[in-house]
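Sequence lines, in order, name chains A and B. In our numbering, each residue's number is its place in the first sequence (first place is 1) plus 1. In our numbering, each residue's number is its place in the second sequence (first place is 1) plus 30.
Because the hints were derived from the structure by calculation, they are not lab data. The reader is advised that the hints may include incorrect statements.
Keeping only pairs whose Cα atoms sit at most 16 Å apart, straight-line, the calculated EDC-like set for lysine to aspartate or glutamate is [as the list claims (entries may be wrong)]: (1) A/LYS37 x B/ASP145; (2) B/LYS134 x A/ASP261; (3) A/LYS28 x A/ASP224; (4) A/LYS37 x A/ASP256; (5) A/LYS63 x A/GLU247; (6) B/LYS134 x A/GLU146; (7) B/LYS440 x A/ASP44; (8) A/LYS131 x A/ASP45; (9) A/LYS37 x A/GLU247; (10) A/LYS25 x A/ASP44; (11) A/LYS131 x A/ASP293; (12) A/LYS63 x A/ASP261; (13) A/LYS28 x A/GLU237; (14) A/LYS131 x A/GLU146; (15) A/LYS63 x B/ASP154; (16) A/LYS131 x A/ASP106; (17) B/LYS134 x B/ASP213; (18) B/LYS440 x A/ASP45.
Which residues of chain B face chain A? A partial, calculated answer using Cβ under 10 Å [stated by the list, open to error]: (19) SER61; (20) ALA80; (21) TRP81; (22) ASP357; (23) VAL449; (24) ASP457.
All residues carry an ideal CB built from backbone N, CA and C; glycine is no exception.
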Amino acid sequence: MAIRITQNQISGNFQSDVQSIYSKLAKSQQQLSDGKRISTPSDDPFGTGQVLGFDRQLAEVKRFQANVSESIGYLGSADSALDSVTSALQAIREKATQAANGTYDTSARAAIATEIQQLKEVVRDGLNAKYGDSYVFSGTATNTEPFPAPANTYMGTANVIARRVAQGQSVSINVPGDAIAGPNGTNVLDMIDQLVTDVTAGNSAGITTGLGQVISFTNQALDVRTQRGARAARLETTQTRLDLTEERLTSARTDVADVDASEAYVKFTQQQSMYQAALAAGTRIMQTSILDFL
Amino acid sequence: MYKSTFMGLNTALRGVLAQQAAMDVTGHNISNISTDGYTRQRAEMTTSPAWSNASAMSQVTPGQMGTGVEVLRLERLRDAFIDANVRQQFGNQADAQTMVDQLKQVEAAFQEPGDTGVSALMNDFWSKLDAVASNPDSTPARQAFAEAANALANGFNQVASDLQNVANQSDARLNQTVTDINDISSRIASLNAEIHKAIDHGQQPNDLLDQRDLLMDDLSKLVNFTSTENAFGEVTITFPDTPSVAIVDPATTGGWTAITRANIDNAFTTGGLIRGQAHADEQLYNNVIPGYLGQLNTLVADFVAGVNTAHAAGFDLTGTAGGNIFDPAGVTAATIQLDPANNIATNSNLIAAASSWTMPSGEAGNGANARTMLDTVRYAAQVALGGQTWDNYYTATITAVGAASSTAQKTLTSADSLVDLATARRDQVSGVSMDEEMSNMLRFQNAYNASARVMTAMDDLLDQLINRTGRVGL
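Using the sequences provided together with the hints, build the complete structure.
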């Protein structure tokens, strides 16, 4: 016996077929309108895991980028502070060289001593420089002035500030004040004080020793500046790398999470014609029955 | 011995009556073409008992004389095997449908991938901690981290409560299912009684049987069951609890037995309940959702302990050794919160970013402990999580939720097509076809007309006999 097909079966099949095409159409429409291939984990469980991973890495990279650009700014302000320190030391050196000449009388030496004394405060100001609200050369004691006047004692710590530029990788961005100025008791400020005393007293041997120390402190400060400059250059390379990483991660995330618009549109059009065909065929066959011919 | 003069009239009359009955059945079929659960019927015709004279004394007649037609019974075209298959598919479909609906809600509870899910909140927690690590002396950075930590705790709380809601829905629906099953049982029991009576009176209670089959279809969407039919047309329905419960049994008073939630729970535990909405709800309520909640709780317990320990290794902005970030007692997703005894949200100085604290000036700019948390602690393989990091464990949970939901959707698609197939098979046997009924109608109509014509012809014969025979010469 041939299979009996009844009207109810045809209309039931029609309904479930149209329903299934229509729900696919709705899914495509939703993907086209919000541009997301994955809106719930079940759309692509493995892809969802990847997307969460990309989001995590992107959040990290954004922090690394912020850290790098902030660090570059920080190093810049440290550099200009050190620049004022080295030029002050330069000036002190010139003054001390004049005083060592021996042709100056007491009052002239006193005048030079006063100038050196003032230049000492320029050095101090440079060492007490701030970036935002933080002291740049007080190690990790960023709330504490490293060389508070009138004493010459370093009040900061010997620890450095560091920032993360990759997972498990940090760069130190500051140099503790005592590493530039030398240990307490014999640091650059103490040395200048000694120089002032020697200049006032006309102690030419002392002035010569002092001059040597000024040169070595200047060189030390210049070394630090060179180091910082190299670090800033490296951070700029890191910044470029991080920008590339961000770009790569963003495009990888898009590949997984977002809809390929042209592909989605082609699919949508296919489903649309399937839908129309199903409707056309269904309505035509359901309208016909033996009653039309009796 | 001769046969009755009027026998032919009766034969024609039987024909007329039988065709009319068949026509009535056709009308009934056509009227019920859209009735749910209707089974097409057919008037089964047979020749009526033949007339013969078996007396040894009588003149032998050629064979038995046919007396026409009669309607033997109104046959109901139904196949019990197909019904069993349809009900199995109904059970699978309802099971899959419930699973899909509830798992979609589970996915919605996690809000992944998105800006409000735990994953995004977790990323924000670590990003804000990195901002503290970079600028430990910045109060705004500290406050932002405290807020992110609080938002993360709230995010876990929200997922836990949304998941619990989904579980509670299944729980409530299971209680509703008990009521529904008992309602169906009592209605089947009263139909059983009516069917028995009708059969006792020699009738064929087709429409009652349809109603009962429809109720059994409904029952099959809730739970799986077994049924048997006795000689009086009554069904016995057995619920697969251990020991089994005859929820419909004509032998008991009232004909049915109520079940309780305990029966459903026990049937699920002992493995008898394998299909239907109740099975999916039991699975969601007992296994699936507690499973996801359990994974979240494992993660939260390990995360709270790990973060607190790492944080305590540092020094806060007053130089005191670090306290807890999260309440050490809140070790489930529902209860995780900032430690009220050491609340970093009200006093952001309590965040222990520094790895050391050198006196007299302190180390406000030391973010090394925060960096250790970011570089090492965050990426540490956690023993409690099977060697996975917190991030990966959470991602694996989301992937598992997505895979479960996607599998359920595929199961539902195949269950849908199997239901279509099974109901189509049933419809092939039991469904009303308009074309068939209309052509039957023509057939019966013609047969009726022909029988009536025979009757007219007989009438003419009798007229000839009665009115014109023996009137010679009148």
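Going through the hints against the structure:
For a cut-off of 16 Å, the pair hint linking A/LYS37 to B/ASP145 stands: about 14 Å separates their Cα positions. The suggested pairing of B/LYS134 with A/ASP261 is violated, with an alpha-carbon distance near 25 Å, which exceeds 16 Å. For the given pair, A/LYS28 sits about 64 Å from A/ASP224 by alpha-carbon distance, which is inconsistent with the 16 Å threshold. A distance of roughly 10 Å separates the Cα atoms of A/LYS37 and A/ASP256; the hinted pair therefore holds under the 16 Å criterion.
Between A/LYS63 and A/GLU247, the direct Cα distance comes to roughly 8 Å. Compliance with the 16 Å bound is thereby established for this hinted pair. Distance check on the hinted pair: B/LYS134 and A/GLU146 sit about 59 Å apart at the alpha-carbon level, beyond 16 Å; violated. Restraint check for B/LYS440 and A/ASP44: the C-alpha separation of about 12 Å stays at or below 16 Å, so the hint holds. Restraint check for A/LYS131 and A/ASP45: the C-alpha separation of about 51 Å exceeds 16 Å, so the hint is violated.
Of the pairs offered as hints, the one joining A/LYS37 and A/GLU247 is violated, with about 20 Å between alpha carbons and a cut-off of 16 Å exceeded. Using a Cα cut-off of 16 Å, the hinted pair A/LYS25 and A/ASP44 holds, with the two alpha carbons roughly 13 Å apart. Of the supplied pair hints, the one linking A/LYS131 and A/ASP293 is violated, its CA atoms being roughly 96 Å apart against a limit of 16 Å. Restraint check for A/LYS63 and A/ASP261: not satisfied, since their Cα atoms lie roughly 26 Å apart, outside the 16 Å limit.
The suggested pairing of A/LYS28 with A/GLU237 is violated, with an alpha-carbon distance near 45 Å, which exceeds 16 Å. Distance check on the hinted pair: A/LYS131 and A/GLU146 sit about 9 Å apart at the alpha-carbon level, within 16 Å; holds. Proposed proximity of A/LYS63 and B/ASP154 is supported: the alpha carbons are some 11 Å apart, at most 16 Å. Our distance criterion of 16 Å between C-alpha atoms is broken by A/LYS131 and A/ASP106, whose separation comes to about 40 Å.
Distance restraint check for B/LYS134 and B/ASP213: the Cα-Cα separation of roughly 30 Å exceeds the 16 Å cut-off, and the hinted pair is therefore not satisfied. Proposed proximity of B/LYS440 and A/ASP45 is supported: the alpha carbons are some 13 Å apart, at most 16 Å. A least Cβ separation of about 14 Å between B/SER61 and chain A goes past the 10 Å threshold, and the interface hint is therefore violated. Below 10 Å, beta-carbon pairs count as interface contacts, and B/ALA80 has none with chain A, the closest being about 30 Å; its hint is therefore violated.
Interface restraint check for B/TRP81: the shortest CB-CB distance to chain A comes to about 35 Å, outside 10 Å, so the restraint is violated. For B/ASP357, the interface hint is violated, since its Cβ never comes within 10 Å of a Cβ in chain A; the closest pair sits about 25 Å apart. Restraint check, B/VAL449 versus chain A: the minimum CB separation of about 9 Å is within 10 Å; hint holds. The criterion of a C-beta within 10 Å of any C-beta in chain A is met by B/ASP457, whose closest approach is roughly 5 Å, and the hint holds.
Checked against the numbered hints given earlier, the structure breaks hints 2, 3, 6, 8, 9, 11, 12, 13, 16, 17, 19, 20, 21 and 22 and satisfies all the rest.
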